[in-house]
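Read off the chains here:
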Amino acid sequence: MPCISVSGLEKTYRISLRGSGLGGALKGLVKREYREIRALHDLSFTVEAGEILGYIGPNGAGKSTTIKIMSGIMKPDAGECLVAGMVPWQNRIAHVRRIGVVFGQRTQLWWDLPALESFRLLQKMYGVADAEFDRNLDELDDLLGLSPLLPIPVRQLSLGQRMRCELAASLLHSPAILFLDEPTIGLDAEAKIAVRHFVREYNRRRGVTVILTTHDMDDIEELSHRILVLRDGELIYRGDVEGLRAATGAKRQLTIDTVGDGEVPRPADVEMQESGGKLSCLYDPRVTDINEIIASVTTTRRIVDLMSTWEPIEEIVARLYREHAR
Amino acid sequence: MSPYWALFRTEFQQYLQYRIAAVAGALTNIAFGFFRLFLLTAFYRAADAVQPMALPDLYSYLWMGQVLFSVMPITGLFGPDAEEIRSGAVAYRLTRPVSLYGFYFARVLGQKVTALCTRSAIQLAVIFLVLPLVGLSRYGMRPPDVAMLPFLVPSLLLAMLLSAAMHTFVYMTGFWTISTRGSTSISYAVISLFSGLLVPLVFFPPGLRAVADILPFRGIYDTTAMIYNGASSVSQALGGLVHQGAWFAGIVLLGLALARRGTLRLEIAGG
Chain A
855 MPCISVSGLE KTYRISLRGS GLGGALKGLV KREYREIRAL HDLSFTVEAG EILGYIGPNG
915 AGKSTTIKIM SGIMKPDAGE CLVAGMVPWQ NRIAHVRRIG VVFGQRTQLW WDLPALESFR
975 LLQKMYGVAD AEFDRNLDEL DDLLGLSPLL PIPVRQLSLG QRMRCELAAS LLHSPAILFL
1035 DEPTIGLDAE AKIAVRHFVR EYNRRRGVTV ILTTHDMDDI EELSHRILVL RDGELIYRGD
1095 VEGLRAATGA KRQLTIDTVG DGEVPRPADV EMQESGGKLS CLYDPRVTDI NEIIASVTTT
1155 RRIVDLMSTW EPIEEIVARL YREHAR
Chain B
12 MSPYWALFRT EFQQYLQYRI AAVAGALTNI AFGFFRLFLL TAFYRAADAV QPMALPDLYS
72 YLWMGQVLFS VMPITGLFGP DAEEIRSGAV AYRLTRPVSL YGFYFARVLG QKVTALCTRS
132 AIQLAVIFLV LPLVGLSRYG MRPPDVAMLP FLVPSLLLAM LLSAAMHTFV YMTGFWTIST
192 RGSTSISYAV ISLFSGLLVP LVFFPPGLRA VADILPFRGI YDTTAMIYNG ASSVSQALGG
252 LVHQGAWFAG IVLLGLALAR RGTLRLEIAG G
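Residue numbers (my numbering), protein chains in the order written: chain A, 855 to 1180; chain B, 12 to 282.
Simulated from the structure, these hints should not be mistaken for laboratory data.
This structure is a prediction, so every number in the text was calculated from the model and none was measured.
Some hints could be false.
SDA-like cross-link-like pairs, simulated, lysine to any residue; straight-line CA separation at most 20 Å [what the hints assert, rightly or not]: (1) K929/A - L269/B; (2) K929/A - R272/B; (3) K978/A - S1028/A; (4) K978/A - Q25/B; (5) K881/A - L871/A; (6) K881/A - H895/A; (7) K929/A - G99/B; (8) K929/A - P108/B; (9) K885/A - G904/A; (10) K978/A - P108/B; (11) K929/A - S110/B; (12) K929/A - E890/A; (13) K929/A - R276/B; (14) K978/A - S13/B; (15) K929/A - W16/B; (16) K881/A - S870/A; (17) K978/A - G99/B; (18) K929/A - W187/B; (19) K881/A - I869/A; (20) K978/A - S110/B; (21) K1132/A - M1161/A; (22) K1132/A - R1106/A; (23) K978/A - W187/B; (24) K978/A - W16/B; (25) K929/A - A903/A; (26) K978/A - P1029/A; (27) K929/A - H895/A; (28) K978/A - F23/B; (29) K929/A - A17/B; (30) K885/A - S13/B; (31) K978/A - R272/B; (32) K929/A - Y103/B; (33) K929/A - L267/B; (34) K978/A - A17/B; (35) K978/A - D988/A; (36) K929/A - A100/B; (37) K1132/A - V1095/A; (38) K929/A - F23/B.
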């Protein structure tokens, strides 16, 4: 049975418009104009228990809106949503006991107090028994290396340190579902890796269902079992990362180090760029055989080294966004 | 331990750290206290009419206002909590298994109790200990009327609760206006006038006085100050307590209704 099921979700925002300049401002005093922005349209999907779901889409696609609806903060205009058997907005308090939420752009910790004080407060808010709290904090400390951070006022933590505390704060009450809204935003490479490692390991140990929104494709590749791609409030892809490559005609990138300065004949359907003996070829493996490229290169050059990879997932996703642009 | 009690305690703990702010606030209140005191003294000297309040009582009344100032739903209204709806931070609050109104009320009350224990306590110490030392005891505060203590303590408590309820109510208006700056400015004006902070209510002309008596705002200051001075009869003091209690209940209910309807129409933008 799916852990989350969403069907036919609709949400429209009313945005107030203001003319520019003094004239527009004065007009706005008397008559307000509004425009309706459709954030979600007929959105349906399911999430299985224990799954890590990557939820991606360009800015303004409706990802955060969906998260806010599933976490019980906001009510949709229409549609159904069941999270672990409950309608989130109907009984918010009972619902939020079973979920953990991290909004990467905000903080849930008391700014001027040590993180441990916020943790204790959250323990009281969720009514977590002391024994369970200690056990959870121990485990989170083990995975996130929290001990040295706990006595420091939160305002004096670096963003990476704070994000480790934010993750811990969202899990102290052992939620069954974890919503991560851009948990790696603004983090350095090391902190990002720490967050990813933690999410993967915690999911493996506890079987927690994770819904992850992010713009970082490394997050998606390394964590998500399955992805949903949202554009203008509608799903444009659902499946795994491999499937995304197939669906979008993802290309492979072949990099060849060569010596010699003869002109290289370019095979049809291959994009080729050269800088200082290094050839960079982008090709669709279903159309072009790699041997064909290598053969044409060896007509004029000698190969020193070569490497072949998929093109970055960023490119694939950007292409997918462009194809579905309104 | 209830979540609201834990919130109250955490807020108390957090605000206890701001020691310099407490001292600075207390000294500001003292300075403005003298300013108001000399202003009204000058009025007394210039007028021939018999005043409804003797000068020493007036001074006590004024100082009570300065001491309670940090608790009134005026101080801290521009703080970070006030902007939580506008900034979207309210999103996190809604992911907690507690009532949104209860969350903010517990926090606001925690902040007010801290203010009473620090800023107001420093002021009282200055008024009762320092003023006599520097020969200014005639401008000080009279001791409370002992016979009225059984009314004074509950009245002070109710003044705190009523202040917290009004304060939380202003926050909840953010669900409609997004920013609470407008409601804050309006409440600042209304509260200064009708609580007795601007001019003691005994000086009000009868018509305006009748309005002030009905409105809730005297409950955060005037009622308590009059009991302190022993200027209220027992029945007036009792009536004052009932007035405070009834408005406290009423404003809490209004605030709860705002929070309930507000969360249903809430749209959290960005990020």
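Hint by hint, here is what the structure shows:
A distance of roughly 17 Å separates the Cα atoms of K929/A and L269/B; the hinted pair therefore holds under the 20 Å criterion. This hinted pair checks out: K929/A and R272/B have alpha carbons roughly 12 Å apart, not beyond 20 Å. With a CA separation close to 14 Å, the supplied pair K978/A and S1028/A stays within the 20 Å bound. Restraint check for K978/A and Q25/B: satisfied, since their Cα atoms lie roughly 17 Å apart, inside the 20 Å limit.
Proximity of K881/A to L871/A is assessed by CA-CA distance (about 11 Å); at most 20 Å being required, the pair is judged to hold. Pair hint K881/A plus H895/A does not hold up; C-alpha atoms about 32 Å apart against a cutoff of 20 Å. As the CA atoms of K929/A and G99/B are separated by approximately 16 Å, the hinted pair is consistent with the 20 Å bound. A C-alpha spacing of about 17 Å is found between K929/A and P108/B, which places the hinted pair at or below 20 Å, so the restraint holds.
As the CA atoms of K885/A and G904/A are separated by approximately 51 Å, the hinted pair breaks the 20 Å bound. Under the criterion of a C-alpha separation no larger than 20 Å, the hint pairing K978/A with P108/B is consistent with the structure, at around 10 Å. Taken as a hint, the K929/A and S110/B pair is honoured in the structure, with Cα atoms around 17 Å apart against an allowance of 20 Å. This hinted pair checks out: K929/A and E890/A have alpha carbons roughly 17 Å apart, not beyond 20 Å.
Using a Cα cut-off of 20 Å, the hinted pair K929/A and R276/B holds, with the two alpha carbons roughly 8 Å apart. Proposed proximity of K978/A and S13/B is supported: the alpha carbons are some 7 Å apart, at most 20 Å. Our distance criterion of 20 Å between C-alpha atoms is broken by K929/A and W16/B, whose separation comes to about 29 Å. The straight-line distance between the Cα atoms of K881/A and S870/A is roughly 13 Å, inside the 20 Å bound, and the hint therefore holds.
A hinted pair counts as satisfied when its Cα atoms are at most 20 Å apart, and K978/A with G99/B does not qualify at roughly 24 Å. A distance of roughly 16 Å separates the Cα atoms of K929/A and W187/B; the hinted pair therefore holds under the 20 Å criterion. Taking the CA atoms of K881/A and I869/A, the gap is about 16 Å. The hint holds against a cut of 20 Å. About 14 Å separates the Cα atoms of K978/A and S110/B, which keeps this hinted pair within 20 Å; it holds.
Straight-line distance between C-alpha atoms of K1132/A and M1161/A comes to about 11 Å, which keeps the hinted pair within the 20 Å bound. Distance check on the hinted pair: K1132/A and R1106/A sit about 16 Å apart at the alpha-carbon level, within 20 Å; holds. Distance hint between K978/A and W187/B is unfulfilled; the C-alpha atoms sit about 31 Å from each other, more than 20 Å. Taken as a hint, the K978/A and W16/B pair is honoured in the structure, with Cα atoms around 9 Å apart against an allowance of 20 Å.
For the hint pairing K929/A with A903/A, the CA-to-CA distance comes to about 23 Å; that exceeds 20 Å, so the pair is violated. Taken as a hint, the K978/A and P1029/A pair is honoured in the structure, with Cα atoms around 15 Å apart against an allowance of 20 Å. Proximity of K929/A to H895/A is assessed by CA-CA distance (about 14 Å); at most 20 Å being required, the pair is judged to hold. Taken as a hint, the K978/A and F23/B pair is honoured in the structure, with Cα atoms around 16 Å apart against an allowance of 20 Å.
Of the pairs offered as hints, the one joining K929/A and A17/B is violated, with about 29 Å between alpha carbons and a cut-off of 20 Å exceeded. Between K885/A and S13/B the CA atoms are separated by roughly 48 Å; this puts the pair beyond 20 Å, and the hint is violated. For the proposed pair K978/A and R272/B, the alpha carbon gap of about 26 Å is over 20 Å, so the pair is violated. Taken as a hint, the K929/A and Y103/B pair is honoured in the structure, with Cα atoms around 16 Å apart against an allowance of 20 Å.
In summary, the hint linking K929/A to L267/B is supported, as the alpha carbons are separated by about 19 Å, within the 20 Å threshold. A threshold of 20 Å between alpha carbons decides the hint, and for K978/A with A17/B the separation of about 6 Å falls inside it, so the pair holds. Distance restraint check for K978/A and D988/A: the Cα-Cα separation of roughly 13 Å lies within the 20 Å cut-off, and the hinted pair is therefore satisfied. Annotation: proposed proximity of K929/A to A100/B holds, straight-line Cα distance about 17 Å (limit 20 Å).
For the suggested pair K1132/A and V1095/A, the alpha carbons sit about 29 Å apart, so the restraint of at most 20 Å is broken. For the proposed pair K929/A and F23/B, the alpha carbon gap of about 34 Å is over 20 Å, so the pair is violated.
Comparing the model with each numbered hint stated earlier shows that hints 6, 9, 15, 17, 23, 25, 29, 30, 31, 37 and 38 do not hold.
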